[in-house]
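Based on the provided sequences and hints, a complete structural model is requested.
Residue strings, one per chain:
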Amino acid sequence: MITRRSTFRIATGVASAAILGSRAAHASDQTVKVGINLSFTGADAESAARIANGAILAFEEANAAHAVPGVTFDLVKFDDATATAGQYDPAQAATNARKMVSDKDYVAAIGPQMSGAGKAMSPILSAGNLAIITPSSTNPDITDPKFAAQYRPSGKAIYFRTVATDAFQGPNMANYMADTLKIKSVYILDDSGAYGVGLADAYQRQAEARGIKVLGRDRLDPKAADYSATLTKIKAAAPDALYYGGVGQAGVKLAKQAYEIIPNMIKAGGDGMQTADLLKGAGFPAVDGWYATVASPHVTEDPKTASFRDRYFARFKIYPDDYTVTCYTAAQVIVEAAKKVAATGKPVARDAVRDAIQGVTLPDSLLGPIQFDENGDLKNKIISVFQIRKDDKHPLDDPDSQYKYVGVAPMTQS
Amino acid sequence: MTAVDLFLQQLINGLSLGAMYSLLALGFTLVYGIMELINFSHFNVFMVGCMIAMLTLQAMGLSGQTVILSGAPLVLTLLAGFAVSMVLCGFIGVGIERFLLRPLRNVKGPAAMITTIGVSYVLFNLVLLTLGSDSKNFPNPLPPVVFPIGGAVLRLREVLIWITAAVLMLALNYFTRYTKLGKAMRATAQDAEAARMMGVEVDRVIMISFFIGSALAGASGMIFGLYYNLAKVDMGFAAGLRAFTAAVLGGIGNVPGAMLGGVLIGLIEALSAQALGSAWSDVVIFSLLVLVLVFRPAGLLGRLAPNKS
Numbered sequence: 224m225i226t227r228r229s230t231f232r233i234a235t236g237v238a239s240a241a242i243l244g245s246r247a248a249h250a251s252d253q254t255v256k257v258g259i260n261l262s263f264t265g266a267d268a269e270s271a272a273r274i275a276n277g278a279i280l281a282f283e284e285a286n287a288a289h290a291v292p293g294v295t296f297d298l299v300k301f302d303d304a305t306a307t308a309g310q311y312d313p314a315q316a317a318t319n320a321r322k323m324v325s326d327k328d329y330v331a332a333i334g335p336q337m338s339g340a341g342k343a344m345s346p347i348l349s350a351g352n353l354a355i356i357t358p359s360s361t362n363p364d365i366t367d368p369k370f371a372a373q374y375r376p377s378g379k380a381i382y383f384r385t386v387a388t389d390a391f392q393g394p395n396m397a398n399y400m401a402d403t404l405k406i407k408s409v410y411i412l413d414d415s416g417a418y419g420v421g422l423a424d425a426y427q428r429q430a431e432a433r434g435i436k437v438l439g440r441d442r443l444d445p446k447a448a449d450y451s452a453t454l455t456k457i458k459a460a461a462p463d464a465l466y467y468g469g470v471g472q473a474g475v476k477l478a479k480q481a482y483e484i485i486p487n488m489i490k491a492g493g494d495g496m497q498t499a500d501l502l503k504g505a506g507f508p509a510v511d512g513w514y515a516t517v518a519s520p521h522v523t524e525d526p527k528t529a530s531f532r533d534r535y536f537a538r539f540k541i542y543p544d545d546y547t548v549t550c551y552t553a554a555q556v557i558v559e560a561a562k563k564v565a566a567t568g569k570p571v572a573r574d575a576v577r578d579a580i581q582g583v584t585l586p587d588s589l590l591g592p593i594q595f596d597e598n599g600d601l602k603n604k605i606i607s608v609f610q611i612r613k614d615d616k617h618p619l620d621d622p623d624s625q626y627k628y629v630g631v632a633p634m635t636q637s
Numbered sequence: 662m663t664a665v666d667l668f669l670q671q672l673i674n675g676l677s678l679g680a681m682y683s684l685l686a687l688g689f690t691l692v693y694g695i696m697e698l699i700n701f702s703h704f705n706v707f708m709v710g711c712m713i714a715m716l717t718l719q720a721m722g723l724s725g726q727t728v729i730l731s732g733a734p735l736v737l738t739l740l741a742g743f744a745v746s747m748v749l750c751g752f753i754g755v756g757i758e759r760f761l762l763r764p765l766r767n768v769k770g771p772a773a774m775i776t777t778i779g780v781s782y783v784l785f786n787l788v789l790l791t792l793g794s795d796s797k798n799f800p801n802p803l804p805p806v807v808f809p810i811g812g813a814v815l816r817l818r819e820v821l822i823w824i825t826a827a828v829l830m831l832a833l834n835y836f837t838r839y840t841k842l843g844k845a846m847r848a849t850a851q852d853a854e855a856a857r858m859m860g861v862e863v864d865r866v867i868m869i870s871f872f873i874g875s876a877l878a879g880a881s882g883m884i885f886g887l888y889y890n891l892a893k894v895d896m897g898f899a900a901g902l903r904a905f906t907a908a909v910l911g912g913i914g915n916v917p918g919a920m921l922g923g924v925l926i927g928l929i930e931a932l933s934a935q936a937l938g939s940a941w942s943d944v945v946i947f948s949l950l951v952l953v954l955v956f957r958p959a960g961l962l963g964r965l966a967p968n969k970s
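Chains A and B supply the protein sequences, listed in that same order. Using our numbering, you'd call the opening residue of the first sequence number 224 and step up by one each time. Using our numbering, you'd call the opening residue of the second sequence number 662 and step up by one each time.
Everything labelled a hint here was simulated from the structure, so no lab data went into it. Cβ atoms here follow ideal geometry from the backbone N, Cα and C, with glycine treated the same way. Each hint should be verified, as a subset may be incorrect.
What the hints assert, rightly or not - Between beta-carbon pairs, the in silico distance windows are: (1) B:L952 with A:K602: 52 to 60 Å; (2) A:P508 with B:K769: 51 to 59 Å; (3) B:P804 with A:P376: 38 to 46 Å; (4) A:A314 with B:K841: 46 to 54 Å; (5) B:P804 with A:D621: 27 to 35 Å.
Pasting the structure below:
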């Protein structure tokens, strides 16, 4: 784990080596800070750690290889979860954004994990012109030009993504459930968070467009313990499937209680249900059969990424998941942008880095070609579908082996 | 499912919730009745109780829902879980009273109440630090037996929860009504000064009421775990707030009132989730609370306390 102190040591080490080696100090020798804001504690801590590792590895590699001559990256962690919220807290995310903006050493940021946090951070970062790249927050509003006045009041895109959005994640899953799972009716739940509501709304619109009958729509309170009343209502409505838009806090309880009340119904969620906390907290047999999606291509089983997997395993002793790769790629984008700025001879500052990120092209990243549109969204959007299938040969709380990749959710043909 | 089955099923859901809220509400009511103190640490004593029950069951070799017991081993395991969590929680309650609240006994103002809020956060953070924030899979050794009633199903665990809650509540009712110690408690509740003059050891009575209230929180922690198969560090706040509302609705300080309030809140929660959607449950519960308090300021079964000035 990279701490501020250890990167400082690396940085000073590099600086003194430069002096001892009587190498002419580079004109722009500098240490730049990159903030990483994720939900390091609370319900989503497990996935946050995996995601963060991606950025840690990328910056360690960039520093070791002197990827940007004269520039050392210092990755600083910010936690947006609070004990009272038990998960991400938008107010804490806003505080973190202010801290980054007020320190001019921050040239870019990575995060947040959660869309609710992103909505709180985006306007502040926009005012400070500090670009952030999210590896996993998928609510489409933040980058939607319709809401530009709200989320990027100063005009330029500052919220970039290395994932697709729920504008694709929800509808594509609706297509998958109509085409492949052949469902005719569905009951939709959300967890009242920005991500959950947006995902469920997008899913619902496409489900209706595809002629899937929506038998009901309810909202769960993530802090409540009991969903049996809602699930009893769903049992009585008897849909073919249940779709849940939301994250683990309500998701774990939902999976657990749904297994008791509606054991044989098809159950699906978004990337919020792709988490180790679900496997640990709800466990088998409750989670068996749940579908989940990820808003990025599934590359961790791709032979192209084998070298990355090995390096990652050597460093962290666990295997990466798909949002580790999106985070690794986000960090690569920042390094690439810094390189472009440094090449012009100018100091690496946040305004220049933002403009550079906008124009970055990574033709062969682990995710395939990376390029952003003028809103900060990826040009190339892919949604992968997974199903939880019990695999006794591996640890039962290991998402890599218990979530089986079942294919790509088809885009809506317009 | 027909409409009748559905209603029946929601009644079952609501009663199970209500049983838990009632047990938890009793802890608030006992302490309030005697000391006129709202004990906010109760929220997290309940959470700690659930964690203790989980660790006890795990220490006996249970994990997740994979180990199913029946007959005598089942009964003994459950009894052990209840006993350990109730006794340890009781002692936590006694410790809170003896070391943190007794020194503040004669301090005027909200110092004691604020202290209980502080204790609540200390307990919360201790668990956060030692056991972590993730959802834990609470072991459940109950066989998945179900009794169909028409289209509705009654599960073994629900029956067990009702029986446990009923036994504990009847025992408490008997205790406060008919035993010497119970009489001493009621005497202290009415007028501590006069009770002391009549030879009641007030300090001991207060300590015992903390023990009983916290032990009931331990029992409801165990019940919560068995019902949801889940334990989590933030579970205390939501359940505690509902239970506190139940105590106020029934008339805080009144033992049967807490039981009634708990069951009512559980039923309202389930039925409003059915009729309006679960997002509206809080709205219905708290609107009803406001209405009841407007017309009966002391709660459904409460009497306004005599002015003690």
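Against the structure, the hints come out as follows:
1. B:L952 with A:K602: 52 to 60 Å: Holds, since B:L952 and A:K602 (Cβ atoms, about 56 Å apart) stay within the stated range.
2. A:P508 with B:K769: 51 to 59 Å: About 56 Å separates the Cβ atoms of A:P508 and B:K769, which means 51 to 59 Å holds.
3. B:P804 with A:P376: 38 to 46 Å: violated (60 Å)
4. A:A314 with B:K841: 46 to 54 Å: The hinted range 46 to 54 Å holds for A:A314 and B:K841, with Cβ atoms some 53 Å apart.
5. B:P804 with A:D621: 27 to 35 Å: holds (29 Å)
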